[in-house]
Structures are given as structure tokens and as C-alpha cells.
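Using my numbering, the first residue of the sequence shown is number 9, and each one after it goes up by one.
Treat the hints as calculated values from the structure; they're not laboratory data.
A few of these clues could be false.
[What the hints assert, rightly or not] In silico lysine-lysine, DSS-like type, Cα no more than 27 Å apart, as pairs:
| hint | residue 1 | residue 2 |
| --- | --- | --- |
| 1 | Lys86 | Lys112 |
| 2 | Lys60 | Lys86 |
| 3 | Lys248 | Lys170 |
| 4 | Lys178 | Lys242 |
| 5 | Lys58 | Lys104 |
| 6 | Lys104 | Lys60 |
| 7 | Lys248 | Lys55 |
| 8 | Lys248 | Lys112 |
| 9 | Lys168 | Lys248 |
| 10 | Lys242 | Lys60 |
| 11 | Lys106 | Lys58 |
| 12 | Lys55 | Lys242 |
| 13 | Lys60 | Lys112 |
| 14 | Lys104 | Lys55 |
| 15 | Lys58 | Lys248 |
| 16 | Lys60 | Lys106 |
| 17 | Lys242 | Lys168 |
| 18 | Lys178 | Lys168 |
| 19 | Lys170 | Lys242 |
| 20 | Lys242 | Lys58 |
| 21 | Lys178 | Lys248 |
| 22 | Lys106 | Lys55 |
| 23 | Lys112 | Lys55 |
| 24 | Lys58 | Lys112 |
| 25 | Lys242 | Lys112 |
| 26 | Lys248 | Lys60 |
[What the hints assert, rightly or not] Simulated restraints on C-beta separations:
| hint | residue 1 | residue 2 | range |
| --- | --- | --- | --- |
| 27 | Lys104 | Ile218 | 49 to 57 Å |
| 28 | Ala103 | Cys172 | 38 to 46 Å |
| 29 | Ala37 | Cys172 | 35 to 43 Å |
Positions of the beta carbon are idealized from the N, C-alpha and C atoms, including for glycine.
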Amino acid sequence: MIIRSISAAIGIAIAIGILFLHDTPAYDAMVAALSVIMVYELLSANKCIKYKFHSGVCFFFAIVMPFLSEYSNGMELKYILAAVCIFSMFVWFIAKHKEMAFEKLCYMIAVTILASTCMCCLVALKNLDEVHGVCYIVLCLAGAWLGDSGAYFAGTFLGKHKLCPEISPKKTVEGAVGGVITVGIVFAVYAFFYHMVQGYRGFEFEVNYIYLVIMGLICGILGIVGDLSASLVKRQCGIKDFGNIMPGHGGLMDRFDSVLFVAPFMMFVLTHFTLFK
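All chains, full assembly: derive it from the sequences and hints.
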């Protein structure tokens with residue numbers, strides 16, 4: 009528990025430091041680094057890292073994607089990049105078809121696109137609004153991570169019914185409900201203090217608390233789905249953690265599995281609905 013707490017504190021400190029650099033290329037570089045490490049962990053989990061050329065293409069895709077998110081025509085460039093990368097992987101697959109199963113190729117393409125494009129939402133969220141961009145990122149990460157903490161405490165004191173015992177034996181229905189409610193409450197509380205602080209800085213706006221709470225509840229559900237999905241992948245790959253880069257927590261995928269589901273949802277909602285007006 010001590011190691012886990014220290015590791016979490018260091019991770020939070022690094023995250024805060026990166027948020028202060030959100031207007032610099034350092035932020036995009038950090039997202040790119042996270043994406044590459046997550047892709048590496050996913051490829052290693054299914055023993056795909058041995059395919060050097062394909063792995064290199066996957067890493068290249070993960071590195072470039074966050075930087076393309078900074079451009080107004082970045083979406084078109086992303087499509088082109090994805091098409092070129094997939095094409096080159098299939099060409100090499102044809103040349104090495106005796107050494108590589110088609111299922112492995114599909115897995116490599118799928119997890120690379122999933123991890124990279126979803127992590128790019130952390131860049132896109134920042135660019136949605138010059139004033140509230142950082143707030144959107146904080147809400148996204150809170151929606152992905154704090155539900156797990158709420159679920160832990162709710163499950164510890166109230167948990168009786170197993171949620172998915174074959175996938176994650178420790179998760180309970182009561183814990184899941186507690187986690188979802190926790191995220192909804194945290195969203196509202198954070199928005200209240202955020203509104204207060206921004207008011208002191210001279211930024212006047214109204215907060216749509218109804219949208220915020222609903223969004224928080226949905227993020228809590230998506231976080232559970234992301235966590236269970238990652239747990240299922242680990243079970244079928246026969247591993248306990250995706251890595252050991254964060255002592256006590258595992259790999260980056262073990263921490264960002266929920267973010268991969270929450271970030272795209274946040275991006276969609278904040279593109280079509282106004283939280284602060």
C-alpha cells in the first residue's frame with residue numbers, strides 16, 4: 009500500500025506539471041509518450057512485439073497522432089496516416105505470412121488505433137476552449153480514475169453481490185454503483201470550486217450542473233467498462249499486469265484503461281453540449 013501510494017503521488021505530481029505546460033509542445037509530447045508505452049504494453053501482452061516491422065509502424069502511428077491533433081485539418085491527416093500504416097502492415101504481412109497469423113495482425117491494428125486515437129482526445133479536449141480546456145482534461149481524468157476509488161470504498165463497506173466474478177473477482181455491484189455516484193458528485197463539486205476560482209480571476213460564466221452530473225454518471229459507467237475490458241484482455245493473455253512502470257499499479261494501460269473509454273465520450277459531449285456559458 010505504501011509503494012502504491014508513493015507511486016500514485018508521483019504520478020499526480022507529474023500530471024499536474026504537464027497540465028501547466030498544456031500550451032507547449034511538451035504536452036503533446038507527453039501524450040505521445042504515454043500512447044507509445046501503452047501500445048507497447050498491449051503488443052507485449054499478446055506476444056506481438058516480436059514482429060519488429062509491424063511494431064515499428066504501430067509505434068510511429070502512436071507518436072505522430074497527438075501532434076496531428078493540433079492542426080485544424082488534423083482529422084484528414086489522421087485518416088491518411090492510418091491508411092498508410094495499415095497498408096504497409098498488410099504489405100509486410102503478405103511478405104511474412106508464414107511467420108505471422110492474421111489474428112495477430114488484426115490485434116496489433118486494433119489496439120494501436122484504440123490506444124492512440126483515444127489518447128489523442130486528451131489533446132483535442134485541451135484545444136476545445138482556450139479558457140476551459142484544462143478543466144476539460146481534469147474532468148476527463150477524474151471521470152476515469154475517481155470512480156475506481158469510490159467503488160473501492162463502497163465495495164469494502166457495502167459490497168455483497170459480485171459484478172463480474174470471472175473477470176474481476178473483487179468488483180461488486182454495490183461498489184460499481186458507489187463508483188458511478190462518486191464521479192457524478194465529484195464533477196459537480198469540482199465545477200463549483202472551478203467556477204468560484206475563475207470568478208475571482210474575472211471569468212464570468214454559468215455552470216450547467218445537470219449536464220455535469222449526468223456526464224459524470226456516464227463517465228463512471230464507462231470507466232467500469234474500460235477497467236473490465238482491460239482485465240479480460242489480461243486474463244485471456246495470461247498476465248497479471250500490463251507492465252511494471254508504476255510500482256503497485258502495474259503498467260500505464262492498467263491506469264489508463266478507463267481513460268480510453270471516457271476520453272472519446274467527453275470529447276463527443278463537449279463538442280455538442282455546453283457546460284460553461
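Results of checking the hints against the structure:
This hinted pair checks out: Lys86 and Lys112 have alpha carbons roughly 23 Å apart, not beyond 27 Å. Under the criterion of a C-alpha separation no larger than 27 Å, the hint pairing Lys60 with Lys86 is consistent with the structure, at around 23 Å. At roughly 20 Å between alpha-carbon atoms, Lys248 and Lys170 fall within 27 Å of each other, so this suggested pair holds. Distance restraint check for Lys178 and Lys242: the Cα-Cα separation of roughly 15 Å lies within the 27 Å cut-off, and the hinted pair is therefore satisfied.
The straight-line distance between the Cα atoms of Lys58 and Lys104 is roughly 13 Å, inside the 27 Å bound, and the hint therefore holds. For the proposed pair Lys104 and Lys60, the alpha carbon gap of about 12 Å is at most 27 Å, so the pair holds. Under the criterion of a C-alpha separation no larger than 27 Å, the hint pairing Lys248 with Lys55 is consistent with the structure, at around 14 Å. Taking the CA atoms of Lys248 and Lys112, the gap is near 20 Å; set against the 27 Å cutoff, the hint holds.
Using a Cα cut-off of 27 Å, the hinted pair Lys168 and Lys248 holds, with the two alpha carbons roughly 24 Å apart. Straight-line distance between C-alpha atoms of Lys242 and Lys60 comes to about 22 Å, which keeps the hinted pair within the 27 Å bound. Among the hinted pairs, Lys106 with Lys58 is consistent with the structure: their alpha-carbon atoms are about 14 Å apart, no more than 27 Å. Pair hint Lys55 plus Lys242 holds up; C-alpha atoms about 12 Å apart against a cutoff of 27 Å.
A C-alpha spacing of about 13 Å is found between Lys60 and Lys112, which places the hinted pair at or below 27 Å, so the restraint holds. Taking the CA atoms of Lys104 and Lys55, the gap is about 17 Å. The hint holds against a cut of 27 Å. Proposed proximity of Lys58 and Lys248 is supported: the alpha carbons are some 20 Å apart, at most 27 Å. Simply put, Lys60 and Lys106 have alpha-carbon atoms about 15 Å apart, close enough for the 27 Å limit, and the pair holds.
Between Lys242 and Lys168 the alpha-carbon distance is near 25 Å, which keeps this suggested pair within the 27 Å criterion. Among the hinted pairs, Lys178 with Lys168 is consistent with the structure: their alpha-carbon atoms are about 10 Å apart, no more than 27 Å. For the proposed pair Lys170 and Lys242, the alpha carbon gap of about 19 Å is at most 27 Å, so the pair holds. Using a Cα cut-off of 27 Å, the hinted pair Lys242 and Lys58 holds, with the two alpha carbons roughly 18 Å apart.
Note on Lys178 and Lys248: the hinted pairing holds, with a Cα-Cα distance of about 14 Å set against a maximum of 27 Å. Annotation: proposed proximity of Lys106 to Lys55 holds, straight-line Cα distance about 17 Å (limit 27 Å). Between Lys112 and Lys55, the direct Cα distance comes to roughly 9 Å. Compliance with the 27 Å bound is thereby established for this hinted pair. For the proposed pair Lys58 and Lys112, the alpha carbon gap of about 11 Å is at most 27 Å, so the pair holds.
Straight-line distance between C-alpha atoms of Lys242 and Lys112 comes to about 16 Å, which keeps the hinted pair within the 27 Å bound. Between Lys248 and Lys60 the CA atoms are separated by roughly 24 Å; this keeps the pair inside 27 Å, and the hint holds. A hinted range of 49 to 57 Å for the beta carbons of Lys104 and Ile218 is consistent with their spacing of about 54 Å. Judged by the Cβ atoms, the range 38 to 46 Å given for Ala103 and Cys172 holds: they are separated by roughly 41 Å.
For Ala37 paired with Cys172, a C-beta distance near 37 Å keeps the hint of 35 to 43 Å intact.
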